[in-house]
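Chemist: Residues per chain are reported as follows:
There are 2 protein chains.
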Amino acid sequence: MVEAAAAYRNPGPESLAGFLERAAEMIVAIGEDLILTCARETALSVDRLTGERARTVNQLKMFAALVREGSWIDARIDKANPDRKPAPKPDLRRMLTPLGPVTVFCASNFPLAFSVAGGDTASALAAGCPVVVKPHPGHPKTSTLVATSIIKAAEECRMPAGAFSMIEEASIQIGLDLVRHPLIKAVGFTGSTKGGRALFDAANARPEPIPVFAEMGSLNPLFVLPAALENRWEQIATGLTASVSLGTGQFCTKPGLIIAQDSPVLDRFAARLGEQLSQIPPGRMLTDAISKRFEESISMVQNFIQQKGNAYLLATDSKTFRADDALQQEIFGPATLLVRCGSTDDLIELASELEGQLTATIHAEPQESALAQSLVNELREKAGRIVWNGYPTGVEVAPAMHHGGPYPATTDSRFTSVGTAAIQRFAKPICYQNFPHDLLPEELRNNNARKIWRLVNGTLSKEDILPE
Amino acid sequence: MVEAAAAYRNPGPESLAGFLERAAEMIVAIGEDLILTCARETALSVDRLTGERARTVNQLKMFAALVREGSWIDARIDKANPDRKPAPKPDLRRMLTPLGPVTVFCASNFPLAFSVAGGDTASALAAGCPVVVKPHPGHPKTSTLVATSIIKAAEECRMPAGAFSMIEEASIQIGLDLVRHPLIKAVGFTGSTKGGRALFDAANARPEPIPVFAEMGSLNPLFVLPAALENRWEQIATGLTASVSLGTGQFCTKPGLIIAQDSPVLDRFAARLGEQLSQIPPGRMLTDAISKRFEESISMVQNFIQQKGNAYLLATDSKTFRADDALQQEIFGPATLLVRCGSTDDLIELASELEGQLTATIHAEPQESALAQSLVNELREKAGRIVWNGYPTGVEVAPAMHHGGPYPATTDSRFTSVGTAAIQRFAKPICYQNFPHDLLPEELRNNNARKIWRLVNGTLSKEDILPE
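Protein chains in written order, with the working numbering: chain A, 1 to 468; chain B, 1 to 468.
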């Protein structure tokens, strides 16, 4: 299977875009069976899965449009100057090319959008890389339905053999074997810190190391500054209840840490938040294993339970939080931890001590802008996305999205797994020096037939280049 | 020292650009003393070092211009749509920000252009990262002269403390300690595969792994196709002699492997090349250690010496080359290996079996374009830069340059260490969601005061954004 992927040759942008669009259509064509199968396997609601299917299909179409437009390859042309002294200047033409076969490890919590036909698969295929998927054991029938659709689309669109495949077995050992396979050139992963780090370590221990883009854990701290707490404590408690309990708390961007200055208003806020969290409707978790892990996580911090129910509010002070490593671990499920700070200085200091995060959120009022700026200065070093007066759940799929962050949120803070920029993970540049025109890729010829943006002698342009 | 670097705050593009330009001026202001000191320490000629100083200074100025122009930060803005169903679309604004303190390991063979004020330092500083340099032990006085100039420029330009520093000691252990220091966020390195891999392994074994951009070894294969050999064998022998012996063979892009189909013309070519190489003027190597390593490398392959003198021609057939690992190792110094293939199929197959390379070169005539295309298809997977009818030495500093390649040429094939794109190694994206305008960085506000290129709702533009 990996050998077939390695023998694959990128069929060019028009074919690739057509394939991605056809895969999207075929996934829609499965119809209700996909949604119902997935709902049975994951306990997620039909509504949620219908929305997730739309997101999955839109991602495939977004990458098809990106590939068709073409400028993502970052074409650069520096024209020759044969008369330059002391040495002539060569003609240099550079663009991005596919990195090679990619292994995608599917997520448990997005059985469609971060799974077999999810963002990693779509962006790797769009980059021109063949993909070998390792499905998540939590939703095997869903995975097979989706994989079958992609394979059918590949056949219909006459993709070269090896463009897409899925391994049957979903064991950890098979996953490691894939990462160690000499023909695999990159890895996409969404899951636990432990799992992501194991793949990262295996990939870097190879004779030829390869990049691993693992999106792992995150506490997603949410800071409530004093005036915002004073003015909007009820509204924030309601917003947080919804965000923490969304999808039974099984989102990588769930706000798992609330940080605020201690005050009588904070007591009222905590009481309201705890009460509302305890009263959310009961939810079944994705798998029994995840459910069991959630119970274990809660038992590790049971001394800090302020209110229990269908979702948990934990609470502590900043000193205890700093001293107790167990409080700093992500709890995957419906729970969040309130940390009471002694002062706003303490709150800023706590921000500066955090590990890497996917997101951080600030609730603030206009009059506390200076304090907010100090907080932003710290959070820029800690989180990939900073949300203002909102909630981190709900990751927009768009060009300006950055879904990533410093370790341990991901293994590479320079790349996103959501949005069009995700394609950049799976490509490397190649430079052609003094090449004859007929051997250059179409995108680097003088005639800019695809009308893409190119950096010509340092200036962005869509123009053709006039021969000397 | 590392603590001071970590406390550094990026002073903004105008200050940074001014600092880089002032550093360039201060290096020039050292005058003849820099060139003569460096010549004494490295045995490189005054002419060569005068050229290398110009390259170093131009690199600093190039990055200053890049920072001042500003579009490199890849600003992206997706405007909000509060009316979107089922959920409102947030306002997302994303740009690149500095990765954090960078350690730069200096090269032996470019005591100015890949050393204290070389491409790694210039690109990291330009990205807004503070730099801690580990000098190369081969040219300590040169390193101190240059470091002193940069520090003076930093003081004059009122850079924040920690912007630039150089450690005094150049031991391997100090280097590893730097890579393991928790406040260091990235590493640039130019040197041996063994050294680069050791730093890469140390960086990835950290609790928080960090990227290592190590530019290591490369054979830089040069393919001569039959018609080119027939028509231009004398010219190619002369060109190769100059390229192989340039700087006493101490370039990372030295063509160390010549691959051609066996024929009577190849015999004539080999005889001529061997004769010319043996007659180049004697050259002193950079250090005694490098000289000793060169002698050791030659002794490992002494059975294959076709002609010896001041530079060596080694020769073998493709079968022996494949079987003998010693022949596949880079020899740093004035030597190159000719591999005779049984057929052009054998030549293409050999190309497909190569390890990662910084460069590959093809000599071909227009009538053998189909064969050349087959070769290009293989070399695209193997090398960062493909040179046509030329020689790989002489790495142009330009936007379209890619000086990188698959492992073991570098530890990360996605990035270049030469040219403007080198800045991308030292930056990570950050996304601001629904931020108030006064807390956004200048580059992401509606008013595009710096007139940079921005991707606004998916379209590149220099325009201001009209508020809703």
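Note that these hints are calculated values from the structure, not bench results.
Incorrect hints may have been included.
Since the list can't tell identical chains apart, any single copy or any two copies may satisfy a pair.
[What the hints assert, rightly or not] Listed below are the simulated DSBU-like cross-link pairs for lysine-lysine, each with C-alpha atoms no more than 35 angstroms apart in a straight line: (1) 85 x 194; (2) 319 x 85; (3) 451 x 141; (4) 152 x 89; (5) 462 x 308; (6) 308 x 194; (7) 451 x 61.
Chemist: Of the numbered hints stated previously, which ones are contradicted by the structure, given in increasing order?
Modeler: Going through the list in order, the structure violates hints 1, 2, 3, 5 and respects the others.
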